[in-house]
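Protein sequences appear in the order of chains S and F. Here numbering that gives the first Met the number 0 is used: the first residue of the first sequence is 0, the next is one more, and so on. Here numbering that gives the first Met the number 0 is used: the first residue of the second sequence is 0, the next is one more, and so on.
Just so you know, nobody snuck in bad clues.
In silico DSS-like links for lysine-lysine, alpha-carbon gap of 27 Å or less:
1) F:K201 to F:K239
2) F:K419 to F:K288
3) F:K436 to F:K281
4) F:K470 to F:K201
5) S:K54 to F:K201
6) F:K1 to F:K142
7) F:K142 to S:K54
8) S:K54 to F:K506
9) S:K54 to F:K228
10) F:K249 to F:K184
11) F:K465 to F:K225
Partner residues are not named here, just some residues of chain F that face chain S (Cβ under 8 Å, in silico):
12) L187
13) L189
14) V191
15) H198
16) V199
17) K201
18) R205
19) D497
20) V504
21) D507
22) V508
23) G514
24) E518
25) Y523
26) S596
27) G597
To be clear, the hints were calculated from the coordinates, so they are not data collected in a lab. All C-beta atoms in this analysis are idealised placements derived from N, C-alpha and C, irrespective of residue type, glycine included.
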Amino acid sequence: MAAPQQQVLEAIRRQCDSVEERFPDYRREALAMLADVIALERARPHDIVNQLEAKFEALGNLLLRRTAAEEAV
Amino acid sequence: MKLRSARFRNFKLLRDLRVGFSLDAQRPLTVIRAENASGKTSTLNALRWGLYGLRGLEDPSIRLSPADWPDGQPCEVLVEIDFDHTLFNQIAGEFVPETDSYRLVRRVNETPAGDRFMREPDRISLYRLTDVGTAPVENPEAKIADMLPLEMKDIFFTDGDAAMTFISPQLTRATKKDQVEEAIKSLLGLGVLEAAADHVAKVQQRFTQRIGRQAGSGELTEISEKLAKRTEEREQVSAKKAEVVLQIEKLGRLYDEAEKALHLALQVGKHDELVERRTRAKRQLDTAKEIEERLKEDHRKLLEHESLSWALLDAPLRRAYEHLNSLHDRGVIPRTAVPVLEDRIEHGICICGTSLAEGTAERSRVEQLIIEQRSIDSDRQMLTRLFHTARSDFQERDAGTDDWARKLASLEKNRLETLKMREEAQQELRVCEDKLKEIDQADVQQKQAHRDAIRSSLGQAEDQRKELEIKERELHQEIVELTEKFNALRLADRQLRDLNARLTVTKDVASIIQGALEEIQTVYLRRVSDRMNELFLDMVGADPTEKGVFQKAIISDDYEIIVQTSDGRTLNPDHEVNGASQRALTFAFIWALTEVSGVIAPRVIDTPLGMMSGAVKRRVLEMISSPANLDVASGGEPDKQVVLFLTRSEIADTENILDERAGGVITFTNSDHYPVDLVHDPGVDAPQILTCACNHRQVCEVCERKIDADRGRYLHRPAA
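Extracted from the complex, chain S is given alone in its bound form (with noise of 0.2 Å):
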């Protein structure tokens, strides 16, 4: 499958911009996500739900830690 080409990326960069910056870098982590996202759709492994599952909880995770940590300032 091919590689997502140039104007696709800046397609990708736009919409992370529009969503909620729900902790400081949020957009930056969504937009790393997406590009975990692409690399395992390129390399195409059987068990890519439960790969991008564990990527998802682990940012899932992430939102807890940071906003829990917003919240205590």
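Knowing the structure of chain S, use the given hints to seat chain F on it.
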């Protein structure tokens, strides 16, 4: 990807040959000058085989080794390609380009055996070239597929006629649309995003179900289950809809094919129209025959008419009449003497006063005179009658009321016109009957029935699709409402914090992917369409502000390439756009797609300027060889590479463009063209493609052809 160089060994007549390609973005063009049968197509196929193996070839069953390779002896065919490839890596929130150099080597052993050959599986190796040496790359096929997918081979490695892939009259409308859609999605790399959207949705569903299961609230559990059920239902409906859409596409293709077959069967004219024309011709023929019969009768009557005698005897009759007139003028007719003489006898006295009494000699003389007069009076009576009749007839004739010649001329004119009408009707009748004979009515009816059956199935499938779309919308709406309720409840439940957080980030990422997909499919499609229009109008020299034939070329939302005229008509690119413009339209599409996508890849085209001449040829070459424009924001390509295989006649009159744009020119010569076309004996044992460094303005002892002297436009380059 940019090609650095390629080496070919024993690929057809490319026995041992190396080609370097221009890497200069400002002179992005490499020209391989070669006449017919001089290795152009072999080189194109060799590059395609090198990159994609047999899947890259139009006909994978072709023999790759030289045709004269001895039977029973294995021949190693080898293609080695050195190239650079740029990948965008996500580093600290930015997509940063990173370029690496690679060497691809594909080889295969073929052993000829008479007309056949044995071919072993081919072997491919890919190496990354670094400053310290070479490093093998694992899974090279997948890596190449990643860099330049197979489905792009028609875009980047094109032979002149196959350049029409996207608009070729040989393809059905549905196939062309599929190819345009496939090319756009493939070139933009949308497949990855579509797959990602699907997989992220699955993860989202998992989190939703887990939230439902773990929730303490009965209502949350109920909504969660309902949500999962509706989501599943929607997936089923979407999958069914996708099946129906596929079925519609398939039926659309079948319908196009059936319509084409019917059109071919009816090519000599539509049967019903021909029958109608034949009936009209028969009616016209009957009318002509009726008129002809009536005119014949008129002709017969005219021949019996008195006026014919007049026409034939006019001169002698006129002379006779003139004589009678003269007799009349002289008083010879009408007769008047006998009654006067009888009157005088009765009165007994002559008009001169002499007595005409009984017994007188004078009376006897008058009586004798009366007898004499009576004997000649019958002649005068007849002459008098003739005179009066002739006078009346001539008066009538001279008044022009009965001109036989005029009547005859009018009749003949009418008969000629009727004859012409009859001949035309007969001719039309013959044409219609001949054409009707050519149409195999049973075949046509069968084809019509087949097409109508497909149309009916297509209609049913469309109805089904609409129903599914409605169902899908309803489910979507229900899911949105359930999700809102679900979110409200789950947020209230602190125990679900972990899962909530996971679901939130999954949803954010899903919305980013979905938004990007929508943006690309709308914004980029429009950009490709606009750029294609600009390039196409430039190449064909059309000014949209003037009343030229071509006003606009667009890609519709359903990926169809459409050409519009200044009067708002839509031209069918298959039939209403000439060959050169079709080619220009295809190049405009490929170039627009490449520019907008930002893909850097070589565009290798065999005989691109065939079917073109004059200003169009020059403009097309100028467009496809234009330097890279680093200003991407203004629609430019940051880097580019174009390899053209051109014959001498394609090069003619474009030399100054090549002077400016070609970063490299090489000439291919087939040694087998000596002595018929080549001037000098190449001195090789086996036929093969030779190369020399001659550019488009030069010839040397290797490449000089007999026809070059006649053209007198080439400089002699000393042999190396």
